[in-house]
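Novice: Chains as they are written, first to last, in the working numbering: chain A, 1 to 341; chain B, 1001 to 1276.
Hints may contain errors.
In silico negatives: residues of chain B with every beta carbon more than 12 Å from chain A [unchecked claim]:
| hint | residue |
| --- | --- |
| 1 | 1009 |
| 2 | 1021 |
| 3 | 1027 |
| 4 | 1028 |
| 5 | 1029 |
| 6 | 1047 |
| 7 | 1053 |
| 8 | 1055 |
| 9 | 1067 |
| 10 | 1143 |
| 11 | 1189 |
| 12 | 1207 |
| 13 | 1208 |
| 14 | 1247 |
| 15 | 1252 |
Calculated lysine-lysine pairs in the DSSO-like style (CA-CA distance at most 30 Å, straight line) [to be verified]:
| hint | chain 1 | residue 1 | chain 2 | residue 2 |
| --- | --- | --- | --- | --- |
| 16 | B | 1086 | B | 1104 |
| 17 | B | 1005 | A | 80 |
| 18 | B | 1005 | A | 112 |
| 19 | A | 112 | B | 1273 |
| 20 | B | 1104 | A | 29 |
| 21 | B | 1086 | A | 29 |
So, partial list: chain A residues that the calculated Cβ filter (under 8 Å) puts toward chain B [what the hints assert, rightly or not]:
| hint | residue |
| --- | --- |
| 22 | 103 |
| 23 | 119 |
| 24 | 299 |
| 25 | 300 |
Just so you know, the hints here were simulated from the structure itself, not pulled from any lab data.
The C-beta atom is built at its ideal place from N, Cα and C for all residues, glycine as well.
Each chain, written out:
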Amino acid sequence: MDGAQLRVDGLSYRHRIATPRLSNPWATKLGPGIHNISFSIPSGSIVGLVGPNGAGKTTLLHLMCGLRPADSGRVQFDNKEWKDLKNEHSARRNIGFMPDNVRWQGTSTPAKILHRLSLMREAEVGDLIELVGLKSRCNESLDSLSAGMRQRLSLAAAMIGSPRILLLDEPFTGLDPVAQKALQKLMLQLSERGTTIIVSSHLLLELEAIVDRVVLLNQGQVIIDGELNTVRKKLRLDRRLIIEGSNGDPNELLSEFGELIEYSAEDGWSATLERSEGWSIKMREDLVKRLHKAGMTPYRIEARLADLAEMLSAATGEDDISLTVAEAMMVPLQRKEVEEE
Amino acid sequence: MNFHKVLALAFDDLGQRTRSLRMLILAPLLTLFILGSCWGLSDPDATLPSTITADTPYEVLFLASLFILLSATLGVVLFGFDGISKARLSGTLAIELSQPIERKELALSMLISTWLAVALPTIILSMIGIVLIRLQMGEWTSFADAGLFLGATALLLFWYAVIQMYASSLARDMGSAIALGIGAWLLFTMVWLLVTVLIASALGVESNDTSSAVFEAFSAKVDLFSPNGVYHLLLEMRLADDLSRNISILWVSLATVLWTILPLVAFIRRFEKIQP
Chain A
1 MDGAQLRVDG LSYRHRIATP RLSNPWATKL GPGIHNISFS IPSGSIVGLV
51 GPNGAGKTTL LHLMCGLRPA DSGRVQFDNK EWKDLKNEHS ARRNIGFMPD
101 NVRWQGTSTP AKILHRLSLM REAEVGDLIE LVGLKSRCNE SLDSLSAGMR
151 QRLSLAAAMI GSPRILLLDE PFTGLDPVAQ KALQKLMLQL SERGTTIIVS
201 SHLLLELEAI VDRVVLLNQG QVIIDGELNT VRKKLRLDRR LIIEGSNGDP
251 NELLSEFGEL IEYSAEDGWS ATLERSEGWS IKMREDLVKR LHKAGMTPYR
301 IEARLADLAE MLSAATGEDD ISLTVAEAMM VPLQRKEVEE E
Chain B
1001 MNFHKVLALA FDDLGQRTRS LRMLILAPLL TLFILGSCWG LSDPDATLPS
1051 TITADTPYEV LFLASLFILL SATLGVVLFG FDGISKARLS GTLAIELSQP
1101 IERKELALSM LISTWLAVAL PTIILSMIGI VLIRLQMGEW TSFADAGLFL
1151 GATALLLFWY AVIQMYASSL ARDMGSAIAL GIGAWLLFTM VWLLVTVLIA
1201 SALGVESNDT SSAVFEAFSA KVDLFSPNGV YHLLLEMRLA DDLSRNISIL
1251 WVSLATVLWT ILPLVAFIRR FEKIQP
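Chain A with its partners taken away, still in its complex shape (with noise of 0.2 Å):
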């Protein structure tokens, strides 16, 4: 690292949406878009952008990319200011941008696309094809790649010229596990030589395994950021401990401890408790010699790490939300279930 930040501060952008009358075809007005957005993040760092559908992740991305105008606001990067990215294009040498969901088609091959950006970069493509795993791929049409074929495309086409800032836009989307996990792994290495990212995913479990920080993003504004402790701790979601034990009932004893969030009794009981001041060592040892006095063996005791759609659902006030967010998790479980019967 080299001690470097990348600094947003106060982006602001509203969308137009056109409103065509017969009067005015080319009418617009306001629409939704994202408001006063500033956090800082050390160089080096993987930042999770996490947000419900329609909260401003890619409008963000758009911006820091200069896709877009900001109405207001600016990006520092390593001491230089860029209030203008779109119109400074030099500046965008530094950022690496793949978008979400890009539907590469035509007789053209990668080797070609990417030959192609490298001359707007002015850079070689180098290894990149190998990188990211499109070397057996590479001089096939567009047409004849799938979806994660041309997924590994656009990651490649972001990292064209080895940009020190990297913009993800759903990385993981259309990824099989196995390249899902090559790609994490690509972008821990990468991070280690001093490459910002910043990544925007609803896959959460993806995104928790490597992000070090997070910006939760609702209805265009930053509701939190920071480090994954320090936004759990400011959610007050360090504060749950996982107990599972067998023999009894423990839902008396445990109610005196804390709040009980969550009970199951199959095999055994688990008790997810929750307690405002947190807990201690001796509080702990308290619990486990009360539960053995009461003729109850608890074999497991543990403090709960809230996961990301856990901390994105405390920091919006909304289930559903987290629900949505977590829809794509749940797919696979539900055909699971489907084939057990």
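Dock chain B against chain A, hints included.
Specialist: Same frame as chain A, but now just chain B:
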């Protein structure tokens, strides 16, 4: 402006266009129309309607220009109608716009590749056509006549390329891209005479006889507002007086400059503001 980068991108794109399916469709079409018209119209045994004269190589080229107006301009539509809209719909435009390249450089490279994809084969076939005319009539087209014909043809295709790329930048789906592309081509190629007659009627100019001197003089003025019209007015400058509509060379030159600059500026300004 980095012209080296613009040309490198344009030629990279051109290479892909020349190997595309669209070129496979266009190439025989252009060959048939351009070579066929040059060969057929210069045939001494050919019987043409009495109102059409093809006594000199240049007059043959002038008549062949009608076939170029039908085929080559349609070729520009074929290459240009989705020149921007397709990339926009597929998401690849977002990748290109985020690259460290000025938007006007990117716009120019797209425009040049669309233009050259049709202009190069058209010019090459026209030059072969000139040779065919020589074979049929035993007389070469003069350098000045050939230069004007080839230059005007290249300009016409450039104007069409700009119009098509501008129209494509407006389209947000494939349907509107086709409608805008074909619509612009139909307006100038098929419907312009009707537009001229309507304007003449509205202004009280006699329009019942479209071959009358009054209407021809009027249509020459209206043609200044159409790329096809300016193309023909440019070519008429080298025709005999009784065959041309004798509009001032100043007006034709002004229209040529304006048709070259204004749509180009409008397209680049539009592209600079385009959003993915």
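Novice: Hints first: check each against the structure and report whether it holds.
Specialist: Now for the hints, and whether the structure bears them out:
{"no.": "1", "hint": "1009", "in the structure": "violated, 6 Å"}
{"no.": "2", "hint": "1021", "in the structure": "violated, 7 Å"}
{"no.": "3", "hint": "1027", "in the structure": "holds, 16 Å"}
{"no.": "4", "hint": "1028", "in the structure": "holds, 19 Å"}
{"no.": "5", "hint": "1029", "in the structure": "holds, 20 Å"}
{"no.": "6", "hint": "1047", "in the structure": "holds, 45 Å"}
{"no.": "7", "hint": "1053", "in the structure": "holds, 46 Å"}
{"no.": "8", "hint": "1055", "in the structure": "holds, 47 Å"}
{"no.": "9", "hint": "1067", "in the structure": "holds, 29 Å"}
{"no.": "10", "hint": "1143", "in the structure": "holds, 37 Å"}
{"no.": "11", "hint": "1189", "in the structure": "holds, 25 Å"}
{"no.": "12", "hint": "1207", "in the structure": "holds, 30 Å"}
{"no.": "13", "hint": "1208", "in the structure": "holds, 34 Å"}
{"no.": "14", "hint": "1247", "in the structure": "holds, 34 Å"}
{"no.": "15", "hint": "1252", "in the structure": "holds, 33 Å"}
{"no.": "16", "hint": "1086/B with 1104/B", "in the structure": "holds, 19 Å"}
{"no.": "17", "hint": "1005/B with 80/A", "in the structure": "holds, 26 Å"}
{"no.": "18", "hint": "1005/B with 112/A", "in the structure": "holds, 16 Å"}
{"no.": "19", "hint": "112/A with 1273/B", "in the structure": "holds, 27 Å"}
{"no.": "20", "hint": "1104/B with 29/A", "in the structure": "holds, 27 Å"}
{"no.": "21", "hint": "1086/B with 29/A", "in the structure": "holds, 26 Å"}
{"no.": "22", "hint": "103", "in the structure": "holds, 4 Å"}
{"no.": "23", "hint": "119", "in the structure": "holds, 5 Å"}
{"no.": "24", "hint": "299", "in the structure": "violated, 52 Å"}
{"no.": "25", "hint": "300", "in the structure": "violated, 47 Å"}
Violated hints, listed in ascending order, are 1, 2, 24, 25; each of the other numbered hints is respected by the structure.
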